[in-house]
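Working from the sequences, and respecting the hints, build out all of it.
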Amino acid sequence: MAEVRVLSEVTGTAWKILVREGQDVETDEELMIAEAMKMEIPHYAPAAGRVRTVCVEEGAPISEDDLLFILDT
Amino acid sequence: MDRVLVANRGEIACRIIRSCRAAGYSPVAVHSDADAGALHVRLADAARRIGPPPVAESYLDQDAVLGAARELGARLIHPGYGLLSENAGFARRVIEEGLVWVGPDPDTIAAMGDKDRARAIAAAAGVPVLGGTHRLDASDTEGVLAAAHRVGFPLLVKATAGGGGIGMRRVDAPGDLAARAESIGGLAGRIFGDDGIFLERLVPRARHVEVQVIGFGDGRVIHLFDRDCSVQRRYQKVIEEAPAPDLDAGIRDGLAQAACALAASQRYLGAGTVEFLVDCDTGEFHFLEMNTRLQVEHPATEMITGLDIVALQLALADGSPVAPEPDARGHAIECRIYAENPSRRFLPSPGTLETFVLPPERDGLRIETGYEARDEVSRWYDPLIAKLVVHGDNRPAALACLANALADIAIEGIATNLDLLRQVVRDPEFRSGPVDTGYLERAVAGLLATVRGNERG
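Here the protein sequences come in this chain order: A and B.
Take 5 as the starting number for the first sequence in the numbering used here and just add one per residue.
Take 5 as the starting number for the second sequence in the numbering used here and just add one per residue.
No false leads were mixed into what you were given.
Simulated DEER-style distance windows between Cβ atoms:
#1 P330(B) to D69(A): 45 to 53 Å
#2 D69(A) to R139(B): 37 to 45 Å
#3 D198(B) to A64(A): 22 to 30 Å
#4 D69(A) to P132(B): 41 to 49 Å
#5 L452(B) to T31(A): 20 to 28 Å
#6 V8(A) to V361(B): 41 to 49 Å
#7 I74(A) to A332(B): 56 to 64 Å
#8 D69(A) to G130(B): 52 to 60 Å
#9 D257(B) to L11(A): 47 to 55 Å
#10 I74(A) to E101(B): 47 to 55 Å
Computed cross-link-like contacts, DSSO-like style, restricted to lysine-lysine with a CA-CA straight-line distance of at most 30 Å:
#11 K20(A) to K119(B)
#12 K20(A) to K42(A)
#13 K119(B) to K42(A)
What the hints contain is simulated information worked out from the structure, not anything from laboratory work.
These numbers were taken from a predicted model, which means no experiment stands behind them.
The C-beta atom is built at its ideal place from N, Cα and C for all residues, glycine as well.
If you want it as structure tokens, here you go:
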């Protein structure tokens with residue numbers, strides 16, 4: 005089992021968080037949608053696995069490269 | 005002198021301020037904390053702070069905007085594009101306050117803003133609409149499948165509450181439909197709190213062509229020709245041309261007539277745009293939507309007609325007589341410079357414009373921007389930094405002018421799409437004429453590889 009860290013691609017807001025800790029996700033499933041400069045930017049699971057930690061709260065400001073999720077894959 | 009409140013920011017606020025002044029009005033502005041020193045505030049005769057940086061607490065705060073209008077003694081409100089421009093409720097409040105709303109009737113705004121109603125109104129006006137369904141329940145597998153067979157494959161599954169590419173999937177075959185429909189419904193429920201979906205026929209290769217209309221409020225409507233806006237990314241336009249290049253004369257006439265018929269059926273007042281998808285393979289066209297406001301790309305139309313669309317909006321809203329005589333000359337191209345990184349999925353790139361050098365305006369070259377060197381392109385607002393609009397006797401002349409203007413721009417401090425625009429203008433596929441809406445995202449990898457090759461060379 006490997007640990008996969010999902011980082012923010014943008015500086016903006018964690019607009020919608022779409023998964024819970026413990027949830028199983030598929031490759032390319034939407035984990036979170038960031039909002040930056042009036043654009044919605046989906047963040048996807050890079051691999052199938054289980055969400056171990058959700059590191060950000062919905063609506064919170066985020067910066068590029070902030071840790072968003074830790075997945076066990 | 006009568007005051008016009010410009011309820012917007014950035015390049016469009018600056019552009020509206022200019023026409024207000026030319027038409028004999030005194031332009032006044034609103035701003036968030038992030039825009040306290042912005043160009044539109046400096047250009048206006050007076051300005052009021054309306055809140056903190058997030059748009060929901062400032063530019064979209066109706067009470068704050070109306071309060072500023074009262075304090076500044078404005079008699080008219082021009083909403084620009086985006087923000088409150090297509091908010092029927094706000095338009096009603098403006099009118100109830102006894103102010104002049106620079107836009108169409110609020111009922112028309114509401115009707116065109118509702119996708120289902122707009123399609124029905126267009127169809128009733130004799131305008132072809134794309135095959136599609138009303139709202140469906142994604143869990144009703146058999147109902148969705150039956151509806152899909154009526155629409156035909158390939159099709160798009162869309163969330164009724166979606167937009168901007170969120171909550172939308174292409175489905176090529178019946179076997180994939182149920183899973184895609186449920187996933188879109190579920191996603192939409194979690195994101196928008198509304199899990200409704202609908203299906204729409206997909207046109208694999210299409211051009212985006214739109215018609216600029218001007219309505220007089222009594223059923224009379226004229227059109228100011230068409231624009232092609234097929235160069236897009238993330239469903240947002242990047243390059244627009246007027247008139248649409250190499251468009252069959254019969255199709256061009258059909259689009260203009262359809263647009264005028266739709267606007268006339270609404271007794272439309274002021275400037276509006278009717279958008280169509282034109283099938284590259286069959287030439288068929290279908291109604292997409294009507295934008296009941298000033299369009300970002302309106303300067304391309306102004307360059308070929310010599311008209312000032314904002315001045316027309318102000319006159320029509322204020323009951324002043326106007327009799328524009330539309331006549332098109334030559335070819336115009338607008339390109340949008342965005343704070344975004346094309347090599348990273350066009351992700352936005354806010355920051356400080358350490359260097360920001362634009363060429364001086366000259367005959368055939370117009371520049372619209374809300375920024376100056378050292379300004380901050382804030383993460384709170386849209387990534388449009390500047391628009392370059394060129395005009396020539398024909399399309400090759402306009403392209404040559406655009407290439408020269410792009411070469412004279414220098415921007416440092418943030419990533420932009422400037423190099424990509426330079427490559428597109430040189431690209432034989434774009435130069436040889438009409439491209440489809442998938443062109444830019446298809447071409448971006450190859451075009452950017454060329455940029456890197458040039459840098460090495």
